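Asker: Take a look at the letters that make up each chain.
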Amino acid sequence: LKRRQLTMRAAETGAAVAIAILALLIGLLFVAAAGASVSGAISALWQGAFGSSASVAGVITKIVPLTLVALGWIVVFRAGRFHVGFPGQIMLGGIFSAFIGLHLHTLPHAVHLPLAILAGVLGGIVMAAIAAWLWVSRGVNEILSTLLLNLIVFQILDWLVSGPMKVPGGVIPATAPLDPDAVWPFAWVGTLGWDVVYIPIAVVGIAFLLSRTRFGFRISLVGANERFARTVGVEIGRIGVGAIVLSGALAGLAGSSLILTGENTGMTGDFEGSYGFDGIAVALLARNSPWGVLPAALLFAVLRQGANLLEANLGVSTAAIDVTQGLIILLVLGATTVFYRISKRFALPPTGGGTMESVAHAPVIGVQTESPAL
Amino acid sequence: VIPILADIGYGPFNMGWVAAAIVITTPILLAAVGELISERAGVLNVGLEGMMLVGAFASYWVTWKTGNTVVGALAGGMAGVVTAVTMGLIAIEAKADQIVTGVGINLVAAGVTAFGFDQIFGARPVIVVDRIGTIAIPGLSHLPGGIGPALFDHDWLAYLAFLMVPVSWYLLYRTKWGLAIRASGELPEAADTAGASVRRIRWLSVLTAGFFAGLGGSYLVLVSVGLFHQDMTAGRGFLALVAVIFGRWRPLGVLGAALVLGGIDALQIRLATVDTLASQVWIVLAIVLLAIPAFRLARRRRAFVGVGSGVVVGLAIVSAVMFIVTPRIALPDQLWRVMPYVLALVWLAGATTRARVPARLTVPYSRE
Numbered sequence: 010l011k012r013r014q015l016t017m018r019a020a021e022t023g024a025a026v027a028i029a030i031l032a033l034l035i036g037l038l039f040v041a042a043a044g045a046s047v048s049g050a051i052s053a054l055w056q057g058a059f060g061s062s063a064s065v066a067g068v069i070t071k072i073v074p075l076t077l078v079a080l081g082w083i084v085v086f087r088a089g090r091f092h093v094g095f096p097g098q099i100m101l102g103g104i105f106s107a108f109i110g111l112h113l114h115t116l117p118h119a120v121h122l123p124l125a126i127l128a129g130v131l132g133g134i135v136m137a138a139i140a141a142w143l144w145v146s147r148g149v150n151e152i153l154s155t156l157l158l159n160l161i162v163f164q165i166l167d168w169l170v171s172g173p174m175k176v177p178g179g180v181i182p183a184t185a186p187l188d189p190d191a192v193w194p195f196a197w198v199g200t201l202g203w204d205v206v207y208i209p210i211a212v213v214g215i216a217f218l219l220s221r222t223r224f225g226f227r228i229s230l231v232g233a234n235e236r237f238a239r240t241v242g243v244e245i246g247r248i249g250v251g252a253i254v255l256s257g258a259l260a261g262l263a264g265s266s267l268i269l270t271g272e273n274t275g276m277t278g279d280f281e282g283s284y285g286f287d288g289i290a291v292a293l294l295a296r297n298s299p300w301g302v303l304p305a306a307l308l309f310a311v312l313r314q315g316a317n318l319l320e321a322n323l324g325v326s327t328a329a330i331d332v333t334q335g336l337i338i339l340l341v342l343g344a345t346t347v348f349y350r351i352s353k354r355f356a357l358p359p360t361g362g363g364t365m366e367s368v369a370h371a372p373v374i375g376v377q378t379e380s381p382a383l
Numbered sequence: 006v007i008p009i010l011a012d013i014g015y016g017p018f019n020m021g022w023v024a025a026a027i028v029i030t031t032p033i034l035l036a037a038v039g040e041l042i043s044e045r046a047g048v049l050n051v052g053l054e055g056m057m058l059v060g061a062f063a064s065y066w067v068t069w070k071t072g073n074t075v076v077g078a079l080a081g082g083m084a085g086v087v088t089a090v091t092m093g094l095i096a097i098e099a100k101a102d103q104i105v106t107g108v109g110i111n112l113v114a115a116g117v118t119a120f121g122f123d124q125i126f127g128a129r130p131v132i133v134v135d136r137i138g139t140i141a142i143p144g145l146s147h148l149p150g151g152i153g154p155a156l157f158d159h160d161w162l163a164y165l166a167f168l169m170v171p172v173s174w175y176l177l178y179r180t181k182w183g184l185a186i187r188a189s190g191e192l193p194e195a196a197d198t199a200g201a202s203v204r205r206i207r208w209l210s211v212l213t214a215g216f217f218a219g220l221g222g223s224y225l226v227l228v229s230v231g232l233f234h235q236d237m238t239a240g241r242g243f244l245a246l247v248a249v250i251f252g253r254w255r256p257l258g259v260l261g262a263a264l265v266l267g268g269i270d271a272l273q274i275r276l277a278t279v280d281t282l283a284s285q286v287w288i289v290l291a292i293v294l295l296a297i298p299a300f301r302l303a304r305r306r307r308a309f310v311g312v313g314s315g316v317v318v319g320l321a322i323v324s325a326v327m328f329i330v331t332p333r334i335a336l337p338d339q340l341w342r343v344m345p346y347v348l349a350l351v352w353l354a355g356a357t358t359r360a361r362v363p364a365r366l367t368v369p370y371s372r373e
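Those sequence lines, one after another, are chains A and B.
Every number in our numbering is 9 more than the matching position in the first sequence, counting from 1.
Every number in our numbering is 5 more than the matching position in the second sequence, counting from 1.
Excised from the complex, chain B in its bound form:
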């Protein structure tokens, strides 16, 4: 879709990387924005992965039937909503544990999509469905240095994903609805007393999360490959969960986190083709790692105290040494794939993050 672009940037970090990062970020961001709203309302939706998978399958099927990618994408979103209804029934109505419910939804979604694919497409030759074309934004897409094509020549789902960041910010912080959503995640009794139905808010939030997760799934089919296969979501639902944690349950933070995750993934794919790790990667890694404690120092949060900072500085030194000793080395791709999860865990263990968790996340609400 995006040609290898010429090149503001450094080594592998050129505009082509930026464009690829946006394509990878979009499905994660779509799912994460929905999940953000759901979690702010107090419902942790681990079934995101399953909802994306169901959305991917539905969009593949409907696009094949209708030949219309817009209808296909919306069908993906609606399939996510249907899956989210299950989540709502069990986690909101039956007040069962949200996480176990999510695990169950992931199992059922994997089974249902595999079964459906087997039934409908199992006996047919491989079908590649129509894909969503890109829409170049007039003017901006001609910016020099590769910036224009990298940033302003994407499909409508990508624009929607990035547009949803300010929209969700406005919704959460500037509307009555947003106040109600935040209240039902922090202090549902207060929301109830003020006359907002916690039950209705949580339902709407969960359905929203389902819709955007489904859209994220359809993006994988309709933009990336035009195909469906059983494990095509490949942990992206979990990455979206990680993005919400990293983003400290704020829209802008979620955007940043999703971009970092997408950027790492895009970098990994680009580096996989060169098979050895370019020296620039070590330099950038060392700079980034050193910047973290410096950032902490600037914010005077017990800088250089604690295991976290020590580890970070240690890694920075290691990568600097690696640059000098072996500028080119092949790293296993599993290392790249594991990084988001490790970082999320370290992030969760960090003291400052905890205060941001919606106080009643995962706690069912019942009027007594």
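For reference, chain A alone in the conformation it holds in the complex:
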């Protein structure tokens, strides 16, 4: 059985790699359709991502929010409470961080920066808590509520940067640069911030939480079989709320990083940069494994970073990269069943709540009793 599971995992990894390659090939097809040379595109992507220390710094900077959001998704996914509220949580986290960074002064760096980070985490938690409360006490499906909450926070952010928080006398809707004491100091090269330490800490931390702690075990239990979990005395509501809030905290942290790292140009209305949804794509490609997040986030970060040079050098619209990223989501989702059927044919045991199959058993809107039982 152990060997079978290992084979299964190897096959899953292979499938993920195949999907990434397939999506890239389709993306290159678009490049070819635009009349640009494919080899030129590949080298532009490579150069754009790894050509200089500044671009490598750009890639690593982008891995940070992608990793955090992907880990947040994995937590809620394991609990069977997956939501799409990451963009909103990133945005409110960023708003809170920016507020602390803009309006507090004369604080020492060692106090101001942690305060700004904590504010970001709090922002993410607030957003997640709204969705969690709506789910647990009003029975509102967390996916629908977070979808709406994203749209609401986007308008709030738009209003803030063009109204109350706008830099006085500024032309473009953006805040002033933050207090220098509130932002991350640069590490090693370019505009890379020290917040890169989040990457190993968060991955190890979430992997440990899910596989080695009581809370993590309960999360998986609830996600795998809610009825059973209830029978053995696990409080479904508390675990679900805990998972949603934890994912919100991670997304809020990502939001704070987007504001507090880099050139410190202040907050704009589009600082979220669709990291919220791309983080989900990263987690899907990683097949919801915390360790798999690292290579998947690297791929997405390289695509994002390389896209700029692709456009500058070859005149290929960055939309080609957007297509590739969206295709990865759809292909991963589509490949799942094919995969599931193959695994059934070989009479392998279904691999429980942690894999893609339970995505297929989404909870019923408004009703919590339905379990994602397989």
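Careful, some of the hints might be misleading.
Claimed, not checked - A short list of chain B residues far from chain A (calculated; beta carbon distances all over 10 Å): (1) G72; (2) P143; (3) S146; (4) W161; (5) L209; (6) R255.
What the hints assert, rightly or not - Residues from chain A shown here face chain B by an in silico Cβ test under 7 Å; the list is partial: (7) L143; (8) V149; (9) I152; (10) L157; (11) S229; (12) I338.
Keep in mind that the hints were calculated from the coordinates and are not lab data.
Keep in mind the model is a prediction, meaning the values are calculated, not measured.
Ideal placement from N, C-alpha and C gives every residue a C-beta, glycine not left out.
Following the hints, complete the assembly by docking chain B onto the known chain A.
Answerer: Relative to the frame of chain A, chain B by itself:
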């Protein structure tokens, strides 16, 4: 298209507002009617926004090529169908999560249309394509007081959108097909046992949703502006989703919800030009807000109990006070844009709505 009309009505709420509201409602209503059928069959289609965008682009392209707006509009609808095929393959066949699939479709649609536009039109000067003309309904379009021109002088897509409301009602509640659709959203096992293929029903429903979303997108191009730009759907797909929620998954409710959303948007546009908020708005707002708890009282649903009613009454008092203190005040347009989403959230949290959600919405069906 529609001249500023004279005026039954009050302040900004005249017949010109009604006419503008209908133009804004139509694309939302088109998408929402399709989505209604899809959701009643059990498939929640978050990719509506992307389908509208693809429809808008296809109609722009084809209308430019052929010079025929009817062909263009149908091309928009068919492009929506093609996008919906992706949805069907992944959400129905592969049984993946419908909402994540929808998110993916939105990303791909945004990318593909931006890329296509860049390729085909990027190097050209701005092209304005032909637009669909209005068809005045004989007799009715001459009703006095501005009513005739406001209601009965629109394009065929608008008439189609409003016609689809009774049609979808008839389809859902008076035909065998409708029964099968509702069954596959509520109790797919029963539909299957009765010999209706849940798989086929859900496929047809999703494709229908794609077609109407595509039509809604082409409306934006062929009626409103004659242009295409990357973010032209601007959340209308999500508004259509909201309309279905507000409408409690019923055709008439969806119509009402779409009209309210369109009405709010039209009002916002009209008020944006005057820059300050007329006192009439406060009065109407206070009346509407006060009417909600009164309506609840009339229906004896735990009137004035719960946070919702308290908030509503509070807002009504605030708007009444605002009327007295500052009759003219500028509100940020973001407040108007956020309102539908906030209301939808409050609506979802309301106890009475929950019972109306199709029981198996978002749950893939597999025969076991």
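Asker: Each hint: holds or not?
Answerer: The hints, checked one at a time:
Its beta-carbon lying about 25 Å from the closest one in chain A, G72(B) satisfies the requirement of being farther than 10 Å from that chain. Distance check on P143(B): its Cβ is at least 42 Å (rounded) from any Cβ of chain A, clearing the 10 Å threshold; non-interface status holds. Every C-beta of chain A lies more than 10 Å from that of S146(B), the closest at about 37 Å, which supports listing it as non-interface. With a least CB separation of 31 Å from chain A, W161(B) remains clear of the 10 Å interface cut-off, as annotated.
Residue-level check passed: L209(B) sits 20 Å from the nearest beta carbon of chain A, beyond 10 Å. Separation of R255(B) from chain A is adequate, the least Cβ-Cβ distance of about 16 Å exceeding the 10 Å criterion. For the restraint placing L143(A) at the interface with chain B, the shortest Cβ-Cβ distance is roughly 6 Å, inside the 7 Å limit, so the hint holds. Residue-level restraint check for V149(A) holds (minimum Cβ-Cβ distance to chain B is 5 Å; threshold 7 Å).
For I152(A), the interface hint holds, since its Cβ comes within 7 Å of a Cβ in chain B; the closest pair sits about 5 Å apart. Nearest Cβ of chain B to the Cβ of L157(A): about 5 Å, under the 7 Å cut. The hint holds. A cut of 7 Å between beta carbons decides the hint on S229(A): the least distance to chain B is about 18 Å, and the hint is violated. Proximity of I338(A) to chain B holds as hinted, the smallest CB-CB distance being about 3 Å (cut-off 7 Å).
Hint violations for this structure: number 11 only, all remaining hints satisfied.
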